[in-house]
Each structure stands twice: as C-alpha cells, then as structure tokens.
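Chemist: Chains as they are written, first to last, in numbering that gives the first Met the number 0: chain H, 0 to 215; chain L, 0 to 300.
Since the hints were derived computationally from the structure, they do not count as laboratory data. Glycine included, C-beta positions come from ideal geometry on N, C-alpha and C. Careful: at least some of the hints might be erroneous.
[Unchecked claim] Below, in silico cross-link-like pairs of lysine to any residue (SDA-like), each with a Cα-Cα straight-line distance of 25 Å or less:
(1) 69/L <-> 51/L
(2) 88/H <-> 92/L
(3) 88/H <-> 69/L
[Said to hold, decoys possible] Some chain H residues flagged as far from chain L (calculated, every beta-carbon gap over 12 Å):
(4) 45
(5) 92
(6) 107
[As the list claims (entries may be wrong)] Some chain L residues close to chain H (C-beta under 10 Å, calculated; not the full set):
(7) 7
(8) 136
(9) 209
Single-letter residue listing:
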Amino acid sequence: MIELIDVTKRYPGGHVTLANVNLHIQLGEMVFITGRSGAGKSTLLKLIGSIEKPTSGHIKISDKDISRLPRTAVPYFRLNIGMIFQDHKLLYDRSVLDNVLLPLHLREIHGAEATRRARAALEKVGLADRERSRPITLSGGEQQRLCIARAIVGRPRLILADEPTANLDDDYAHEIMNILQALNEGGDTILIATHDQDLIARYGKRCLVLADGALS
Amino acid sequence: MILGAHTQHHLDSLVTAWQRLRAQPLASAFSILVIGIALSLPTGLYLLISNLDRASSSLSEHTEMTVFLKPKIETAAALGLAEALRNEPGIRKLRFVSREDALLELQRSGLDDVLTSLSSNPLPHALVIEPTQVHPEHIRRLGQQLRQRPEVDTIASAEAWAHRLAALLDFGVGLTWMLGTVLALSLAAITGNTIRLQIYARRDEIEISRLIGATDRFIRRPFLYFGALQGLLGGLAALILSGLAILWLNQSVAELASTYGSSFRLAHLDAPISLLLLACGALLGLAGAWLSVAYTLRDFD
C-alpha cells in the first residue's frame, strides 16, 4: 500500500535527512519507525503525508505517486490521512467539539451528521464529557486523545502518528497506544514515529530503524 | 431546513466573519468609519453634481431666448410666426412681445426722456422663447433653426451661460470619477491591510487547517466575507454620513433658495444609487480581501 522508492530528502544548505530510502508497508499494518533525534523519523512521516516533498525518488500510496502532486491536489490527498502530532496542533480558541468538527467541515460534512460523527470520535477516545471544554483546560494525555479523535473522525484508512506518546507519563502513553492498536485491529494502517524502545518492545509490531538518514 | 454542504460552508464563513468583526468592536468601528469617510467623499461630490444638475434643470424653466424680428415685419406676420413656432418641438413656451409693449416696458424702466425725443418706435417685434432643455447643444440647434426664418433678425440667448454650466457639470462628473477611483483603491487597500493583519494573527490556525487538508478556498472564504461585510458596513456609514450632511446643508440651502423665491432643497441619494453605493462598498472590500489573502497565503507556503 505504501511504497518508498529511492527517496532522498535534502534541505536547503545541503543537509541530507533521508538518503535513498526504500520501504514497503502493507495495508492494515502497524509499523513503528524509530531512531535517535534528527534521524529523519518526522521527515519520513511528513513525506508520506505530503507535508513535504522528496528531493528525489517516488512515494506511492495505493499505487498513486504522491511525490509530485500539484499544490492544489495536496489538501484533497491529506483528507485521506489522519495525522497525529507530537505537539497536538489543536485550535485553542475553539471547543473540543469544534476541533473534531473541523476535518468533517473540510469534507463538506455539516449539521447533525457532523455532530454525530464528532461525538462518536470523542466517545472512542474517552472525551465525550469534555466536548464543550477548551483544549487548554485538558491534560497532556487528553489533548493527545483529542488529536487522535480529530485524526480519525474523517475515517481515514491511514494514520500517521509523530511521537504520539512523547511528554506523556506511562499511563497516558498506554491509553494512547491502546487507542491506536484498536484502530489497527479495525483495519487501519498505522505508522508511529517514536524513540520509546519500551513501547515498541511491548507491542511487538514491525519496527523500522532510521540512522543517519538510512533505514536499517 | 437542510442546506447543501457548500451553502452551509458559505453560511458558516459569513457567521465566522461577523464574529470576527464583533470580536474587536473598536478596531472594526474605526475601519468601517474610515471606509465610510473614504466613500462619502465621492458620494458627496456626486450629490453636489446631481443636485446642481437638478437645479439647472429647474432654472431652464427661466432660461429664455429672445428672438428679435426684422423691423419691417408687420404685427400680423409676427403673430403668424409666433403661432407657427408655438407647436415646434424644442420650445416649451413662447410669448409674443409687440414693439408697442416693448416700448412701454422701456419707458417704465426709466428711459422715458430718451424715447420721447425719437420720432417713431425703433423697437422690433420680439418672441420670448423658453426652450425645453437648457443643454447648450439644444439651445444652439434651436437658434440655428430660428435664424433660418426670413422674419428673424437677431437672437439673444443663454447659450453661453448654459455652455458654461454644462462644462462645469462635466468637470464635476469627471472629478467624481477620479476621486471615486482613487478612494476606491484606498478602500481596497484599507480592507486588504486589515485582512493581512488578521491572517497573520491566525497563522497557527491556518497552518493547522492546511495540515489536516484545508484548501486555500476553505481558508480564504471567511476572510472574503469579512472584507465584503466590512465594505458593506463602510458603504452604510457613507450613506448615513452623506444623509446627515444633506440634512445639515438643507437649512442653509432653504434660506438661500427663499431669497430667489424658490423652494429648492438638496435631494438625498435615491434607492438605486444607495444600493449601488452599498454594493460598491461590498465589492471593493471583497476585492481588497481577495488580493490580500492571495498574497499573504503565498507567503505562508
């Protein structure tokens, strides 16, 4: 389903973050991507999410080459992906419910149907009773769960999670991982970038190690 | 009522724009007032020109051409000519002044001593004509037609005066367009700058929305509604300002007009022009917002 062919990412100034990366991930897999800070984990997820473009090489998702998508097509591609960010990237001047409604509005789903689906997503991550709260009043773990609710509300089949358990204590980290595992058991493909080796060992899924821009 | 998703998003964008306007009442009020003042200047000039035009039309009722007939034309022939011209197009009113009446009028004006020294009445018969239009071209053409009559000697007309007034009105119209264009650009610039500041204040929100799949169209829409709404309210402010100015000026105009025995008053903008002003405000706000969003979003790429 996800295929990277000789993917290189070089930033202005010449720093090479990824060098000739080749990768194949099957539909419905849950894969950990690990490595030290600056190894290129986040860059790899950004390339798959079309947040950045590779300097060379090809990225195919369901046989569609997304590495050369025109600028106007990128938003429509991103609607098919659920993204979970380490720093949550929530809208703090909106309610919890409004944050989850946003991806539905982007898909032109409004009104009662949107509210029903947003509440179902909040229910799934255990935030049903906080829909009127502002994200700033939530704990770190709750904010991350809200970020997951926003990522899954549009029912994407691919979820990219960049350090979803960073800065969380063990209990919160397991809550988040349990949610992601449940989504994977429901058939979703999930890529998780993390440097937490204990977490990787506990879940026993395929793990790709990035070092100096190369996969090992 | 179930709205289509597209309509719903337009409605949401409009509500968002309204909320953003209300979120900063003082800043919004100042922006709207500045736009209102910018729009009220060409509006005021337009009102001045249209009222002058109206005033000159009412003056045309008193604009007269005096057609002096040749001295040898007898009264019967002069009356015949007057009757023939009375139904001519382009002539609103015609009054025959016989040479005897003209002499009496002259005597009453204090030239009695001079006239008694003359052996006979030197004055010709005359026709005093009020044209249907005060436009100089109309007066010139009417004069040309009358001069072709063999009975006509000379014509004294208000052509030069009408020409000057028409030139003044034309200048005013040109000035209104020029001022309108300059101030329209400034309105677009004011809106554009407000929107640019708003976009920068919402940079995080825009970037997050983009990360999860927002198109530029989705991001742009509330800002466009904001610009249009601000322009519309600016147009409304201009309408109120010019209305207040007319009310205030009409007191002086009434006094001035009464000295001429006239009941002339300055007229307010009529409904179609008022709607046009509001539409112009909204469209200019929209244009300013569009340009600003296009350039600023490109900066974020």
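Chemist: May I ask you to check that residue 45/H keeps its beta-carbon over 12 Å from the closest beta-carbon of chain L?
Modeler: 10 Å, violated
Chemist: Measuring from the C-beta of residue 136/L to each C-beta in chain H, is the shortest one below 10 Å?
Modeler: Since chain H brings no Cβ nearer than about 56 Å to residue 136/L, farther than 10 Å, the hint is violated.
Chemist: Under 10 Å is the threshold here; is the Cβ of residue 209/L close enough to any Cβ of chain H for the hint to stand?
Modeler: With a closest approach of 7 Å, the residue 209/L hint holds.
Chemist: Could you let me know if the closest chain L CB is still more than 12 Å away from the CB of residue 107/H?
Modeler: 4 Å, violated
Chemist: Taking only the CA atoms, is the gap from residue 88/H to residue 69/L under or equal to 25 Å?
Modeler: 97 Å, violated
Chemist: Decide, holds or violated, for the assertion that all CB atoms of chain L are farther than 12 Å from the CB of residue 92/H.
Modeler: 8 Å, violated
Chemist: Verify the proposed pairing of residue 69/L with residue 51/L, using a straight-line Cα cut of 25 Å.
Modeler: 38 Å, violated
Chemist: Would you mind confirming whether the straight-line C-alpha gap from residue 88/H to residue 92/L stays at or under 25 Å?
Modeler: Measuring from Cα to Cα gives roughly 82 Å; hence the hint is violated.
Chemist: Does the closest beta carbon of chain H sit nearer than 10 Å to the beta carbon of residue 7/L?
Modeler: OK, holds: residue 7/L within 10 Å of chain H, min 4 Å.
Comparing the model with each numbered hint stated earlier shows that hints 1, 2, 3, 4, 5, 6 and 8 do not hold.
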